[in-house]
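Take the sequences, apply the hints, and build the full model.
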Amino acid sequence: MTSERPTRALSALFAVAMLSSCDDGTGAHAAGERFLRALGAGDETGAYAQLSSRRRAALSARAFGELTDHPAFRQRQSFEVHRAESYGGGRCSLGALTVDGAEWAVQLFYIEEGDAWRVHSFALQPPAPSQLGTLLEECGYWEGTRVGYSGPAIERSTTPTDS
1 MTSERPTRAL SALFAVAMLS SCDDGTGAHA AGERFLRALG AGDETGAYAQ
51 LSSRRRAALS ARAFGELTDH PAFRQRQSFE VHRAESYGGG RCSLGALTVD
101 GAEWAVQLFY IEEGDAWRVH SFALQPPAPS QLGTLLEECG YWEGTRVGYS
151 GPAIERSTTP TDS
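Under the working numbering, the residue at position 157 of the sequence shown is numbered 157, and the numbers go up by one with no gaps.
Just so you know, these hints were derived from the structure itself, not from any lab. It should be emphasised that the depicted structure is a prediction, and the values quoted were computed from it without experimental measurement. Incorrect hints may have been included.
What follows is a set of in silico ranges between Cβ atoms, one per label pair, in the way DEER data are often shown [claimed, not checked]:
#	residue 1	residue 2	range
1	Thr45	Ser130	34 to 44 Å
2	Val147	Gly42	37 to 47 Å
3	Gly148	Ser60	36 to 46 Å
4	Glu143	Ser78	28 to 38 Å
5	Gly151	Ala116	33 to 43 Å
6	Gly114	Gly151	32 to 42 Å
All C-beta atoms, glycine included, are put in the ideal place defined by N, C-alpha and C.
Below, the structure is given as structure tokens:
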């Protein structure tokens, strides 16, 4: 007779390792979670505060509110931010926002200001069987990214700034 206790312990350890593997260790991942958590809670001011100072200089709080006034940001049931990877002068991560059982793709680009990571850019793509792997120019998107792609266009996105 074998015991299930070691198997359950290993399963639990594996689950914890998988959850913690999303954290990139830089703080960028946590910045993305704070940003999306604030939007989902209706804390527009808190989400705006998570933006980089250059983004806030280019995007007023009012324009930010209009850009993020979308069910995927405001009425999502859950969200997931994947590990932030180095790209250019910052870090990029993809994620998913679940609204009524459908997953919207979100991409966040982070820059470091002082000792904190801030969301500098973000983009949102509607649910589809096939979605783009890159949504932001800062993360490598260019017109050729869409060649051969027939899925939905990017629906909400910040405009590129000097990153």
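Tested hints:
1. Thr45 - Ser130: 34 to 44 Å: Once the Cβ atoms are compared, 36 Å apart, the range 34 to 44 Å for Ser130 and Thr45 holds.
2. Val147 - Gly42: 37 to 47 Å: Cβ of Val147 to Cβ of Gly42: about 39 Å, so the range 37 to 47 Å holds.
3. Gly148 - Ser60: 36 to 46 Å: holds, 37 Å
4. Glu143 - Ser78: 28 to 38 Å: holds, 32 Å
5. Gly151 - Ala116: 33 to 43 Å: holds, 35 Å
6. Gly114 - Gly151: 32 to 42 Å: holds, 38 Å
Violated hints are absent here; each numbered hint is respected by the structure.
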